[in-house]
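Whenever a hint applies, use it, and build me the whole structure from the sequences.
Chains E and B, in that order, are what the protein sequence lines are.
Residue numbering for the first sequence follows UniProt numbering, starting at 1 and increasing by one per position.
Residue numbering for the second sequence follows UniProt numbering, starting at 1 and increasing by one per position.
For the record, the hints were derived by calculation from the structure and aren't laboratory data.
The model shown is predicted, which means the values in this text are computed figures rather than measured ones.
Glycine included, C-beta positions come from ideal geometry on N, C-alpha and C.
You may find that some hints are simply not true.
Straight-line distance between alpha carbons at most 20 Å, and here's what the computed DMTMM-like set of lysine to aspartate or glutamate pairs gives [what the hints assert, rightly or not]:
#1 289/B x 164/E
#2 311/B x 221/E
#3 75/B x 164/E
#4 311/B x 283/B
#5 102/B x 120/B
For each label pair, taking beta carbons as the anchor points, the in silico distance ranges come out as [what the hints assert, rightly or not]:
#6 231/B x 86/E: 52 to 62 Å
#7 103/B x 74/E: 26 to 36 Å
#8 90/E x 414/B: 22 to 32 Å
Some chain B residues well away from chain E (every beta-carbon gap over 12 Å; in silico) [stated by the list, open to error]:
#9 44
#10 128
#11 188
#12 304
#13 321
#14 365
#15 380
#16 430
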Amino acid sequence: MDAILAQLLNGLDKGGAYALIALGLTLVFGTLGVVNFAHGALFMLGCFCAVVFRYLLTIETVTVDPTQLSPWGAPVEVRTPLVQSWLGDWGAFLVDYSVPLSVIFAVPVMLVIGIVMERGLIKHFYKRSHAEQILVTFGLAIVLQEIVRSFFGANPVPQPIPADLRVAADVGVWFGMEAYSVTYPTWRLVYLLFSAGVIGAVFAFMRFTTFGMVVRAGMADRETVGILGIDIDRKFTIVFGLAAVVAGVAGAMYTPLLAPNYHIGMDFLVLSFVVVVVGGMGSLPGAVVAGFLLGVLQSFASMNEVTSIFPGIDQIIIYLVAIIILLVRPRGLMGRSGVMES
Amino acid sequence: MTKFTMNRRGLLKTVGAGLTTAVASPLVLTNRAYAQQFCNNPGDNDPIIGFNVPQTGTYAEEGLEQLKGYELAVKHINGEGDGGMINTMQPTALKGNGILGKRLRYVTGDTQTNTDAARDGARRMIERDGAVMVTGCVTTGEAVAQQALCHELGVIYMSGLTHGNDTTGKDKRRYGFRHFFQGYMSGVAIAPLLAEEYGRDRRAYHLTADYNWGWTQEESIMAATEALGWETVRAVRTPLGIGDYSQYLTPVLNSGADVLILNHYGHDMVNSLPQAVQFGMRDRMANGKQFEIIVPMFSELMAVGAGDAVKGIIGTQNWNWQLDDAGSRAFTQSYGAEYGEPPSQSAHTGYVQTLLYADAVERAGTFYPPEVIRALEDFEFDGLGNGPTLYRGSDHQCFKEVLVVRGNEAPTSRFDVLDVVGKTPREDVMYDPAIFGGELGPYEPNMC
Numbered sequence: 001m002d003a004i005l006a007q008l009l010n011g012l013d014k015g016g017a018y019a020l021i022a023l024g025l026t027l028v029f030g031t032l033g034v035v036n037f038a039h040g041a042l043f044m045l046g047c048f049c050a051v052v053f054r055y056l057l058t059i060e061t062v063t064v065d066p067t068q069l070s071p072w073g074a075p076v077e078v079r080t081p082l083v084q085s086w087l088g089d090w091g092a093f094l095v096d097y098s099v100p101l102s103v104i105f106a107v108p109v110m111l112v113i114g115i116v117m118e119r120g121l122i123k124h125f126y127k128r129s130h131a132e133q134i135l136v137t138f139g140l141a142i143v144l145q146e147i148v149r150s151f152f153g154a155n156p157v158p159q160p161i162p163a164d165l166r167v168a169a170d171v172g173v174w175f176g177m178e179a180y181s182v183t184y185p186t187w188r189l190v191y192l193l194f195s196a197g198v199i200g201a202v203f204a205f206m207r208f209t210t211f212g213m214v215v216r217a218g219m220a221d222r223e224t225v226g227i228l229g230i231d232i233d234r235k236f237t238i239v240f241g242l243a244a245v246v247a248g249v250a251g252a253m254y255t256p257l258l259a260p261n262y263h264i265g266m267d268f269l270v271l272s273f274v275v276v277v278v279g280g281m282g283s284l285p286g287a288v289v290a291g292f293l294l295g296v297l298q299s300f301a302s303m304n305e306v307t308s309i310f311p312g313i314d315q316i317i318i319y320l321v322a323i324i325i326l327l328v329r330p331r332g333l334m335g336r337s338g339v340m341e342s
Numbered sequence: 001m002t003k004f005t006m007n008r009r010g011l012l013k014t015v016g017a018g019l020t021t022a023v024a025s026p027l028v029l030t031n032r033a034y035a036q037q038f039c040n041n042p043g044d045n046d047p048i049i050g051f052n053v054p055q056t057g058t059y060a061e062e063g064l065e066q067l068k069g070y071e072l073a074v075k076h077i078n079g080e081g082d083g084g085m086i087n088t089m090q091p092t093a094l095k096g097n098g099i100l101g102k103r104l105r106y107v108t109g110d111t112q113t114n115t116d117a118a119r120d121g122a123r124r125m126i127e128r129d130g131a132v133m134v135t136g137c138v139t140t141g142e143a144v145a146q147q148a149l150c151h152e153l154g155v156i157y158m159s160g161l162t163h164g165n166d167t168t169g170k171d172k173r174r175y176g177f178r179h180f181f182q183g184y185m186s187g188v189a190i191a192p193l194l195a196e197e198y199g200r201d202r203r204a205y206h207l208t209a210d211y212n213w214g215w216t217q218e219e220s221i222m223a224a225t226e227a228l229g230w231e232t233v234r235a236v237r238t239p240l241g242i243g244d245y246s247q248y249l250t251p252v253l254n255s256g257a258d259v260l261i262l263n264h265y266g267h268d269m270v271n272s273l274p275q276a277v278q279f280g281m282r283d284r285m286a287n288g289k290q291f292e293i294i295v296p297m298f299s300e301l302m303a304v305g306a307g308d309a310v311k312g313i314i315g316t317q318n319w320n321w322q323l324d325d326a327g328s329r330a331f332t333q334s335y336g337a338e339y340g341e342p343p344s345q346s347a348h349t350g351y352v353q354t355l356l357y358a359d360a361v362e363r364a365g366t367f368y369p370p371e372v373i374r375a376l377e378d379f380e381f382d383g384l385g386n387g388p389t390l391y392r393g394s395d396h397q398c399f400k401e402v403l404v405v406r407g408n409e410a411p412t413s414r415f416d417v418l419d420v421v422g423k424t425p426r427e428d429v430m431y432d433p434a435i436f437g438g439e440l441g442p443y444e445p446n447m448c
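Laid out in structure tokens, this is it:
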């Protein structure tokens, strides 16, 4: 039972990340009809929002202390973090919680990046074929990657978990089990809650606001909405920005779990497309359901009891499910009939 | 007019002299003749060597450190800087005036932490750049691939950071040499401390990087711990460079194991160790004992990358900048002055390999590979930071003390991450080369 609970938590945690990335991807496809291969790069840019934010908080002044010598005889450099020296304990708190706080930084940055990307490039490819859209967005992803690489290098840049959240939570006790029978990293639980919160916020935004209602109407029948005098293109531009924000904040919060490098977006891109295809292209609930479903399946497939019977199944289970879904139900679990079925 | 006469005695003298000349001439002329008959003979030009290390990919950090070590070695060989370990190496033929009086030059390449890219890079260095020696790697896959290619083309390969048994085991080559220690030695060196610290009744769970080095390390550590009486619960292979290990760590918690052995290196370890700690493994009890994590193969860069998670973790190292011998002090001094930080073991092994090659050429008096190989084989030296060291001729593996280290609980600086807690003598880590099989192959070179 404890093994099952541990794997379920792990699967939900992974699923949360998959769902968050896939959500923005399917949002763009559902509204703009664009297959956006640069979506992984948006996740990567979100990761580097966290990196830049921490860098800004940890800018140091360097002074040389001639009274202390290093093992090679040079005077020791004394580094003083500016924010900490200015703000004392409050500054130390800001540095410690740089990753969760970077979300506040990432939201406007990613919104601007998304809008500029849509207005500057993507809008010119609305009426082109999906193949052309894939080519141009993939090219854009490579350009963004190389820009990040030129600034931050090729190596991953680790981001710390806030000190208070580094411990493992004794989850088993919450379910009446023996102490330490199921422990789980607190930050992963935070990420799971964060994913659920962002997904809930996106759904609430689309469901309960006038803007969301217009966008949903546009997704169902773009021409009719246009005839009613609504500038649907403008709304869709903001939707693209919103998708960039969702990918970005997902990336920023993910950095303590996996040190980001310029290539991290590509690692998630294929996986997020599989999630979207399984959930149904353009379906928001589909992306969320498929994300959690595939996360949980992958986690259970990595249990020793399973891998001892099917070695390596944990590496292929997601793709296996995608093949079966495509064969049995080409539109995906919750996709609209006729969308990407042919 | 002189009359030519030939009697029997004269005929015998003439034939005898002719035969003697014919038999002796190869011996006399070989020294000159072979100088023209090998791959990338520098002739009257400056010799070029190739530094082929990962500058991108999973092990880029280690590769870039190694490159710094190589570049510093070239400076010292060419008589620049303070001379570093040339001053402490014993015996040495190096004089700080290049190699055989010629200025040493080099080209660099990026293996991308990829076996195919490493082999392609080495080939380019040999065929395009004219490298007379190639060196560098951070994985056993890169080492084995380059070593085989160099052997095929008749160019000496001095491997960099490769810890898998195969490099000087089943895949050894006459043209390949390894200064770095290997998995078997780690197992032998770490076992006594593990028994002392954690006892002889333990259940171990291995997570192993799924490539050549990981397999041989797992095999060696498993053999060493099982010899202590430990039981191996399970050994799981993890893909290289996956980043998120949560799906592999979760099953550990309920496996009945009380020790997790991470056969990971570089960024794999930098990710897997902190994640294991995040899962609460160092705080939990299992089988009535404190759960422990072991990283059999450590580096300073990994320790820095893993942060606080490394504190108290036991492992082994090839070399550590805090060693207090003349060679280590000289190298740390030179390297620190050059780069503003202490050297890693990756930089150290690169530096030492370059010096050893240069010294062998000086002693051989030629770049002709078979002579350089003979100069390196069974060469005994000291003063390069590892105490008395032997480059064993039968498998081209260096034998020296192996360091047992532990993550520093109270570091005094960001460089002070590992404590040397033990040194296993050279004699204890030596083994019969036959146990790993392999054939060195011939001395005579192929032409590239």
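Taking the hints in turn, this is what the structure says about them:
Restraint check for residue 289/B and residue 164/E: the C-alpha separation of about 26 Å exceeds 20 Å, so the hint is violated. Taking the CA atoms of residue 311/B and residue 221/E, the gap is near 60 Å; set against the 20 Å cutoff, the hint is violated. The straight-line distance between the Cα atoms of residue 75/B and residue 164/E is roughly 48 Å, outside the 20 Å bound, and the hint therefore fails. A hinted pair counts as satisfied when its Cα atoms are at most 20 Å apart, and residue 311/B with residue 283/B qualifies at roughly 13 Å.
Between residue 102/B and residue 120/B, the direct Cα distance comes to roughly 28 Å. Violation of the 20 Å bound is thereby established for this hinted pair. Between residue 231/B and residue 86/E the CB atoms are about 56 Å apart, so this pair conforms to the stated range of 52 to 62 Å. Between residue 103/B and residue 74/E the beta carbon distance is about 29 Å. The supplied range of 26 to 36 Å therefore holds. The hinted range of 22 to 32 Å is satisfied by residue 90/E and residue 414/B, whose Cβ atoms lie roughly 25 Å apart.
Here residue 44/B stays apart from chain E, with its beta-carbon at least about 38 Å from theirs, past the 12 Å limit. Against the 12 Å criterion, residue 128/B stays outside the reach of chain E, whose nearest CB is about 24 Å from its own CB. The beta carbon of residue 188/B sits about 30 Å from the closest Cβ of chain E, which is more than 12 Å, so the claim that it is off the interface holds. Distance check for residue 304/B against chain E: the nearest CB is about 10 Å away, which does not clear 12 Å, and the non-interface claim fails.
For residue 321/B, the shortest C-beta to C-beta distance to chain E comes to about 7 Å, within the 12 Å cut-off, and the non-interface label is violated. Non-interface status of residue 365/B relative to chain E is upheld: no Cβ of that chain comes within 12 Å, the nearest being about 35 Å off. Once the 12 Å rule is applied to beta carbons, residue 380/B is consistent with being away from chain E; the minimum gap is 29 Å. In this structure residue 430/B is separated from chain E by more than 12 Å, as the shortest Cβ-Cβ distance comes to about 32 Å.
Violation of the numbered hints given earlier is confined to hints 1, 2, 3, 5, 12 and 13; the remaining hints are satisfied by the structure.
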